[in-house]
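Sequences are here, hints too, so could you generate the full structure?
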Amino acid sequence: MMCRNSSSLVLMLPLLALLGCDPGGGGGTGPQVSVALEPAAVTLPMAGTQRFTATVTGASDTSVTWTATGGEISQAGEFTAPRQEGMYRVRATSVADTARYAESVVTVTKPPPPTIQVFTAAASTINVGEGTTLNWEATGATSLSIEPDVGTVTGTSVTVTPGHDDDLYADGHERRGQRHGHHHRDGAAAAHHLLVHGGVGDDQRGAEHDLELGG
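With mature numbering (1 follows the signal peptide of the UniProt record, and there is no 0) applied, the sequence shown corresponds to residues -19 to -1, 1 to 196, in that order.
Incorrect hints may have been included.
[Stated by the list, open to error] Using C-beta positions, here's what the derived DEER-type ranges look like:
#1 Ala104 x Gly136: 15 to 21 Å
#2 Glu53 x Val76: 41 to 47 Å
#3 Thr137 x Glu19: 34 to 40 Å
#4 Ala104 x Glu19: 22 to 28 Å
#5 Thr120 x Gly39: 45 to 51 Å
#6 Gln98 x Thr140: 17 to 23 Å
#7 Thr120 x Ser15: 41 to 47 Å
#8 Gly39 x Ser126: 54 to 60 Å
#9 Asn116 x Ala17: 49 to 55 Å
#10 Gln98 x Ser15: 32 to 38 Å
#11 Thr137 x Gly39: 35 to 41 Å
#12 Pro129 x Pro26: 29 to 35 Å
#13 Asp42 x Thr90: 32 to 38 Å
Hints listed in this document are in silico derivations from the structure and should not be mistaken for laboratory results. Here a beta-carbon is modelled for each residue, glycine too, at the ideal position from N, C-alpha and C.
This is the structure:
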């Protein structure tokens, strides 16, 4: 009787092995795939950029595919924000298990308007034929120009030589939105307009500051 039971057990062991069963009753599963994404949240200006990093665990293939609800993202995780305010999502999906992914929230904001803090002349009074240096400080600008005659400028200063018959003086007044006419004695006047432009795409804004030179 004992011999028959032992024979039956010996015959069953190969069958259990073929079925992938554990005769001890302890069946298990492999590691679960998970995806982590950094940064988890970020705020960007319109057309701003951010590099995202995805980490995949539980799989030999750690690659991911990238998608975004707005803007553009490369398969290297380089994200470029859209030119429109709003909240968007960046997703990294595991190639090994497409049911596993992680998302980051991207808030896109409009840049502040450009402003002029300072626009002055180094010499407030100059003689005919002499030059003076115009100095400025501006923030939020993507381009700057001085009118008339100077054109596009960079840095924080430029030298000008007004061509008028009388001694000239400089007086700064901030203006926004439109140009203003000025009248000076003997009709001698030179108004230099510092124009700054900021924003992205169609969202161009400017500030104007008149530096009057007149006799």
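(message) For each hint given before, does the structure comply? Return the numbers of the non-compliant ones in rising order.
(response) Numbers 2, 4, 10, 11 - these are the hints that the structure violates, sorted from lowest upward.
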